[in-house]
Amino acid sequence: MALQSLDIAKRSATTTEPPQARKTIEVAKLIDVSKCIGCKACQVACMQWNDLRDEVGSCGGTYANPTDMTDQSWTVMRYAEVESEERGLEWLIRKDGCMHCEDPGCLKACPSPGAIIKYANGIVDFHQENCIGCGYCVTGCPFNVPRISKKDSKAYKCTLCSDRVAVGLEPACVKVCPTGSISFGSKEDMKELAEERVTELQERGFKNAGLYDPVGVGGTHVMYVLNHADKPSLYSGLPNDPTIAPTVSLWKGFTKPLAMAGIAVAALGGLFHYVMKGPNEVSKEVEAEVEKELEAEK
Amino acid sequence: MIRDPSDLKRYNASERANHWVVGICFILLALSGLALFHPALFPLTGLFGGGVWTRILHPFVGVVMMLFFVVMFFRFKHLNQMTQTDWEWVKRAKEMVDGDDHNMPEMGKYNGGQKLLFWFLGAAMLVLFASGIVIWRAYFSAYFPIGVIRTGALLHAAFAALMIIAIIVHVYAAIWVRGTIRAMLYGTVTRAWAKQHHRAWYRQVIGK
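Sequences listed follow chains A and B, in order.
Remember, my numbering sits 249 above the position in the first sequence when you count from 1.
The numbers in my numbering rise by one with no breaks, and the one at position 182 of the second sequence is 169.
Keep in mind that the hints were calculated from the coordinates and are not lab data.
Warning: the hint list may mix true and false statements.
Claimed, not checked - Beta-carbon label-pair distances, calculated as ranges:
| no. | chain 1 | residue 1 | chain 2 | residue 2 | range |
| --- | --- | --- | --- | --- | --- |
| 1 | B | Ala0 | A | Glu534 | 31 to 37 Å |
| 2 | A | Gly306 | B | Gly36 | 31 to 37 Å |
| 3 | B | Ile14 | A | Glu534 | 51 to 57 Å |
| 4 | A | Glu534 | B | Trp7 | 47 to 53 Å |
All residues carry an ideal CB built from backbone N, CA and C; glycine is no exception.
Using the sequences provided together with the hints, build the complete structure.
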């Protein structure tokens, strides 16, 4: 690898260890929803940097446009109107996109070697040239992020601007955010920044403010500061406690060696049974009986 | 073509062709499925023109297999009803595998093991077809909730593995019991084969 920032930590459908002599810092993007005004500049910057252009959609009843992520929209602002006795009406806006899990469900599920890569810096990236279009990444993702293109059947999602990060730039959405709601840096620094902000929010009366860095997926490289961290699902269905589904873990974990062993035992069992017990041939006795019967018939 | 006029007909041409269509589909499905199941076997995708083609072709071959399997299933269903004697055979199967078939009960056209395999394959095909539709991303996955798709993927892999093991047993049994494979190649078996392995069926076809 020419660029240390592109050292690989995990590779889909690969059972051997990746090169790991070099150590690099882990990066993270911190999205402070309490500072977000829902302007969608991040969406625009994402389209511009990545040369994407989604179709003009229709209104789904909120400001969200498009209404969902697509192969052309790797990030979408989601707008939730939430009413509570305590705070009245609140407009909770969340920039949705790939969370860049430390333990990515998409990568675990992917059957194609090298189609999904997790860099040593924590970024999870899809390499479309190796993608076979099976959609297992969608099955594996706890956040419903990957989208399969209808044109080329390849999976797409936020790259955390891995190309920009590789050369020392921050992701396009971070660069463009006018309120400073999105920050980028080492994961350690981002956690510190979040801690300061959470304290501030708590002082201002958001007693449940906190950092969203879910342990169920080993933490994420996109984190949120939420003013209601006790109820992430208020933010347009952000999972409260995301994990790789047990069915996916079983499918991609235990089943694989068990099935391979079972098949090998069956095949080798047959061979050795034949070698040790010999074929099951018609006995001479029965053959003679049948001969006699045939003679008698004539 | 008649090889020996005293040979007994076990399968007609249509039944044999039906079986081989299903068999060929199975081999293609097992190879392409294993390629997408375990990273070590991913190179098998090369047999199908690469990963993308493997992903495209596998489910269509599955549909063809299901269609022909259903025909075969209803053709042979009535011959595969388990009886008391079949269970007796299953209980003694270990003796036969050990090389001694003297105490095996008399069997009709199919023995207890063949019948159990028949019903297992029927169930496995049903699960594989249903779960296969659910995880067929290009056309159907969008209609199912994510939990169903995840369960579908797990069931598809598990039942495929069980079915591959069952078919290995099926093929090995045909190789082990000499004189069996010809039944599925040109339809006939020798009288001695029939008398030794399926004595009740033997009596029935020769009319004694």
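Here is how each hint holds up against the structure:
1. B:Ala0 x A:Glu534: 31 to 37 Å: holds, 33 Å
2. A:Gly306 x B:Gly36: 31 to 37 Å: Distance hint for Gly306 (chain A), Gly36 (chain B) holds at roughly 36 Å.
3. B:Ile14 x A:Glu534: 51 to 57 Å: violated, 37 Å
4. A:Glu534 x B:Trp7: 47 to 53 Å: violated, 34 Å
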